[in-house]
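Asker: Spelled out, the chains give:
There are 4 protein chains.
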Amino acid sequence: MEYNVKDLSLADQGKKQIEWAEMHMPALISIRQQLSSSQAFKGIRISAVLHVTKETAALVRTLKAAGADIYLAGSNPLSTQDDVAAALVKYDGIHVFAWKGESETDYYNNMNEILKYEPNVVMDDGGDLHALIHEKYRNIKLFGGTEETTTGVIRLKAMEEQGVLLYPVIAVNNAFTKYLFDNRVGTGQSAIDGILRATNILIAGKVAVVVGYGWVGRGIASRLRGMGARVIVVEVSPLRALEALMDGFDVMPMKDAAKIGDLFVTATGNINVISKDHILLMKNGAILANAGHFNVEIDVKGLKEIAKNIRTIRPYTEEYELPNGNKVYLLADGRLVNLAAAEGHPSEVMDLSFSNQALSVDYIVKNHLSIEKRVYNVPLDIDEQVAFLKLKGMGIEIETMTEEQKEYIKQWKYGT
Amino acid sequence: MEYNVKDLSLADQGKKQIEWAEMHMPALISIRQQLSSSQAFKGIRISAVLHVTKETAALVRTLKAAGADIYLAGSNPLSTQDDVAAALVKYDGIHVFAWKGESETDYYNNMNEILKYEPNVVMDDGGDLHALIHEKYRNIKLFGGTEETTTGVIRLKAMEEQGVLLYPVIAVNNAFTKYLFDNRVGTGQSAIDGILRATNILIAGKVAVVVGYGWVGRGIASRLRGMGARVIVVEVSPLRALEALMDGFDVMPMKDAAKIGDLFVTATGNINVISKDHILLMKNGAILANAGHFNVEIDVKGLKEIAKNIRTIRPYTEEYELPNGNKVYLLADGRLVNLAAAEGHPSEVMDLSFSNQALSVDYIVKNHLSIEKRVYNVPLDIDEQVAFLKLKGMGIEIETMTEEQKEYIKQWKYGT
Amino acid sequence: MEYNVKDLSLADQGKKQIEWAEMHMPALISIRQQLSSSQAFKGIRISAVLHVTKETAALVRTLKAAGADIYLAGSNPLSTQDDVAAALVKYDGIHVFAWKGESETDYYNNMNEILKYEPNVVMDDGGDLHALIHEKYRNIKLFGGTEETTTGVIRLKAMEEQGVLLYPVIAVNNAFTKYLFDNRVGTGQSAIDGILRATNILIAGKVAVVVGYGWVGRGIASRLRGMGARVIVVEVSPLRALEALMDGFDVMPMKDAAKIGDLFVTATGNINVISKDHILLMKNGAILANAGHFNVEIDVKGLKEIAKNIRTIRPYTEEYELPNGNKVYLLADGRLVNLAAAEGHPSEVMDLSFSNQALSVDYIVKNHLSIEKRVYNVPLDIDEQVAFLKLKGMGIEIETMTEEQKEYIKQWKYGT
Amino acid sequence: MEYNVKDLSLADQGKKQIEWAEMHMPALISIRQQLSSSQAFKGIRISAVLHVTKETAALVRTLKAAGADIYLAGSNPLSTQDDVAAALVKYDGIHVFAWKGESETDYYNNMNEILKYEPNVVMDDGGDLHALIHEKYRNIKLFGGTEETTTGVIRLKAMEEQGVLLYPVIAVNNAFTKYLFDNRVGTGQSAIDGILRATNILIAGKVAVVVGYGWVGRGIASRLRGMGARVIVVEVSPLRALEALMDGFDVMPMKDAAKIGDLFVTATGNINVISKDHILLMKNGAILANAGHFNVEIDVKGLKEIAKNIRTIRPYTEEYELPNGNKVYLLADGRLVNLAAAEGHPSEVMDLSFSNQALSVDYIVKNHLSIEKRVYNVPLDIDEQVAFLKLKGMGIEIETMTEEQKEYIKQWKYGT
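Chains as they are written, first to last, in our numbering: chain C, 2 to 417; chain S, 2 to 417; chain U, 2 to 417; chain X, 2 to 417.
Derived from the structure by calculation, the hints contain no laboratory data. For glycine and all other residues, C-beta sits at the position ideal for the given N, C-alpha and C. Careful: at least some of the hints might be erroneous.
Stated by the list, open to error - Pair ranges (Cβ atoms, derived): (1) A132/X x K260/U: 54 to 60 angstroms; (2) T401/S x K393/C: 44 to 50 angstroms; (3) T401/U x K137/X: 44 to 50 angstroms; (4) K407/C x E385/S: 35 to 41 angstroms; (5) N285/X x E385/C: 24 to 30 angstroms; (6) D334/X x E385/S: 51 to 57 angstroms; (7) L281/C x N285/X: 50 to 56 angstroms; (8) K260/U x Y409/X: 23 to 29 angstroms; (9) L370/U x K142/X: 51 to 57 angstroms; (10) N285/S x T313/U: 39 to 45 angstroms; (11) N327/U x L281/C: 32 to 38 angstroms.
Okay, chain C solo, but in the shape it has when bound (with noise of 0.2 angstroms):
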């Protein structure tokens, strides 16, 4: 069996890490044995770049499991879990190349090996197998893909929009058990884990200050306050800030709260949000962290440029000794820090995301005859379903609707 891994004598660590995700994935597990009584995939190659972690891990299993052939290579250089990789070659016979440090030209090359096995769904994180595939592998047949993130989407709505996309591509990442759990949830957690393990500060009693009152800004600012903080809410949107507002947070703006903040969390998508010019507010001993998807969000450029002294005082946190003699923390140099000073996303979490991608995959398969060259929202019906087994993973059963309310509800149809 084909496959580049650094080293199978892991694979039984590896499988511990995978039953310990899989047994916080009631949703994944539930579709496997869905798919796998059908067979749904059998005779199917299923090529995915997916960054090689236990969660993934059960992702693949479980199109394994339905009896698809499954390639998998790794979607950033540095995610590859080694002893997950090696249970999954070992113990499931999955063909993976990738390992954890491989160098750029791994990268690729490893992406142009899954592709050598002609297959007839591919699933990406980020964009860059879509890419490759439109680039040098325009001959393959195949049925469709999915897409993990945002980026990707993007990317493959460009090509949509120029009329050259070659097959349908479910867009994962719009699903709503997909980014309103990701995010929200997922991240609100996630990020006051790594700002703890980064900085072992007392949330309670500090002020902090959440920059972007999005879905993730949410999260943070709602588990900041169950933690016993005073939260001040950035926002540029009015409608978002009368929301904090009536949510009982305070808003105001970065140039006033910058002043009085402890601890800065952005959450934007936005850039320099987080200015040179606001860090001079600071109070001394002021922690910054970023938990947006890109490291833009606190111009740690310009931070650099004034710095008189940086040093590091415990791992992923960096003082900052300024001009005007005061210090500040900055996190994980700015990038996520809920995955750089964390474990990103529990589990529970990639359940949904995952749930939805083999479900999209399984609608690929199914309707690859009739569905168009273009790129696709999960389906409602797959989005509600995911939630539905979750729900009953959890042990949760949900009210149904009589025929007479059906009924009713379809002649009113007026939003409470």
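Put chains S, U and X on the given structure of chain C with help from the hints.
Answerer: Quick look at chains S, U and X alone, frame taken from chain C:
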């Protein structure tokens, strides 16, 4: 001056009510200053069918201050505050045709009355005025109209689809600053207020069952928790149910919740979500309230059928003795508990709706030559302006984007 | 049968009120069953001065069911519910001497009246009955008495110290199940209820200033936060201030809070915590309410002196126009807002106080031969029994210690 | 200079750690300035047995700055941070005798070592130093000592009762600013931190069972709720159980909670509160953690006996396969999860304990001639001063009483 109100001598009391309302409606007052200094509605006649309350007074006084002539009838035979009506006539020169307890005939006569003045713009709350115009006053040359409610909007959309709509209408109901705050913040608080006034029960320690996790349900659930209740959410949508669960609420079907709840509040927009059978499962002493728009959510008819005895315990609290010997308590006969047992939305909430009304009228006046005979949502910039003015009126400044940020965000339109 | 009430024909309405109260007083009802089956108070005469409310009715009906003869006078000329008084006479054979609006002379006459019957036990709410006995009825051979309030306890402790106390008294006020739940849970909710009934303002988005972070202040602060307010705590004790801060509230002195608050609620037990000078710093529209026992916390006298104009806007809401042109709104003239503008404690809270009363009377009857003429706290096991019965009445079972655990905990008495 | 540490070359790393701690210990730093400017401890020798951490470094540096000579040994063979020890020796001239991994013999040798210098004051954490003095160093003329822990205080109180205590001791553990913040705020946060580091589970949506509703349990319960868990409290005290219920938590005995919990956290101070039998009732995947002082709360021994298989899944997470086929996960072998799997109390919390230590030493030095050979609580004014300095260090000003208020409150000492 033409008018028809109950008693002009109530004008001084009405004036105080209006002042109290306006004290809590800073966004509308700031719009008043703006429209008034430009005399934006000079020469414009506006006929409006609205609940004649102190908050509506603040709205029509704004339109008047901007130069309009106002003809106002009540949108419900019972909702007119006679002192407010008197003050509008006496101190503001507004042509009011409304009194509390007017008959059905009076109600229609008053609507006919205000249409005699050939208005340029009409404002409605429920759609009866729009219907009357389409039936009997087709010759009025209207710039356009506004509609406050979902019900009215549904009727107007039906007309639009059939191609019979005579003038453009702005659906104020669909503004973000209306539905979100009305529902979550306004009803969230006032429903609890109504329950307390009706029953004087202690919320802390109770098991509260919130049926429906839309915006109203969310508002109620979070406030009940804030007062110490254990809250169970009943939902038919797995997506909303999963959100409720991740927000920390228990989730179960009504058949299970019925057995353990002390207090039940419905907010689904659907019929019989608490059925006779559910009621028979309930504990002795269970309390039932409705916070949804129509009094269909609790099966009151069924309850009355099975009741062995019914008696009024307190205003808005009726005891139903069931065949099984238990007693349950229905509040306000299953009608909207916040309107029936408390005072409906606080002025602060109406400030948002009515600011949208005022700016929508302004939009119609300015753009009536170019807009089509369709039902429009409130333009986003009006919605944002309302939020902005509300924040400003509350003394809140928000962040503004730098040029660099505006450029950056244009390229990457990803949601956080 | 001797009695003196306003109108016996109100008895049926009173009976319904009592039933409604008893529905929410499961602990007391369970004590009733217990004392009643043993006829614990057979032959005992009890004279009580209490607010003649539906909850007090539940208490005296319990004492009566246990075999006692009851003579009841009101503890406040305004607090008697005449329908409840009538029901107690007509349906329960309780000798009530009380009516709403009785004069000061009536009040004392009624107290004298109930002492004529040579009671074995007396119950008081404020200490006037105890004082009268010590002055004029020194020959009554009392087993003992109870006292509901702090004020009364202070008076009795003074007597005890001077060695003049004639009989043992149990200070019900000091029971954990009384002061903690009365204050934090009861006043916490009912103060907000009173503010909403008086003003109908929206809590969400407001800056609420809670003055005093004792049990009452904590209850109010947490519930205001639960309804969406930003809450500031003003405290003189650094220990309590630090707790407030760690609970996530902002903390500052009144001179600073005065400038930014929208709503002020006092609960300190101290005088003039909101002074004239503070009021002059406030924003236009500020609202002032008191939740402390006495109406001394807001300097109402000073406010009246500086006011240029005073007018009633709504029941319990008075507008004061200040020399600086601002208007502030004082609720219920600075008296306890939950009693004045709402209905005081819910029955669920009185259930705890009055269960302590009933069991304290039982304790006196059982132990009167052995206890001394002192002021006693409610014995811990009564306090715990009340809590246990309350939990049971709410359907809650708690954990029990194993023998092993009882042994272990004896050795190591450390607090978690 | 005498000392014994592992490696002086670690001093620079240690210095950074100490700086990081002191950045978050403003109360202690302010006490340092005060004691240092008066050279309050000039000529005083202090021998201390404490965990040699960065926070302890902040304490002993304070004592040193006030003029004392310091001799420091570790209070636990594993808790010494060697870099901090090195920094104290190299940069502060403190005589440290401690290293990580010292043997039991080393531990006692080091304690003997620091007693050779005939200290005037001793500080202890657990009582071993006090015991050693009473056994072997009875001739040292001590002004007095302090004790940090409950365990130590129990041992000293036993000595006091037997009349054998040789010098006065201040029980720092009993300070309000110690036990309340240590337990509720410190352990409340760090227990959750430990659970997340050990497991990386998602809190939101989980059923968390908190066993014990003392200060630790309250802190944990409120923070788990703040992160989206449904929280059940298990309690043996009806008073605490009723509080938990009124705080909005569900309450039930362990036999019922065992069946529905996803995560269990113990904080009772009692033995086997989660027994073998309870564990056999649990769902597959249940997670067990202890936040109480001793590792007796979960019956680990019983669990090991019944387990069919035990394996380590992640650091501090061990899987136990039960006879019924279910798997449960025990964190940190049932030891204090915040110390074992996270970093114990944040510096902000130790700031309070150690400020009490520093001021207690000051109290002993100032009053040693007048105080008796007893165990004293920290005087209230020290407790209040610590709170005040903490608030000040956090930039918080509190209210001060006027003379009028001081007079008023003297007369009426009633609690709100």
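Asker: Evaluate each hint against the coordinates.
Answerer: Against the structure, the hints:
no. : hint                                : verdict
1   : A132/X x K260/U: 54 to 60 angstroms : holds, 57 angstroms
2   : T401/S x K393/C: 44 to 50 angstroms : holds, 46 angstroms
3   : T401/U x K137/X: 44 to 50 angstroms : holds, 46 angstroms
4   : K407/C x E385/S: 35 to 41 angstroms : holds, 37 angstroms
5   : N285/X x E385/C: 24 to 30 angstroms : holds, 26 angstroms
6   : D334/X x E385/S: 51 to 57 angstroms : holds, 56 angstroms
7   : L281/C x N285/X: 50 to 56 angstroms : holds, 54 angstroms
8   : K260/U x Y409/X: 23 to 29 angstroms : holds, 25 angstroms
9   : L370/U x K142/X: 51 to 57 angstroms : holds, 56 angstroms
10  : N285/S x T313/U: 39 to 45 angstroms : holds, 42 angstroms
11  : N327/U x L281/C: 32 to 38 angstroms : holds, 37 angstroms
Taken one by one, the earlier hints all hold for this structure without exception.
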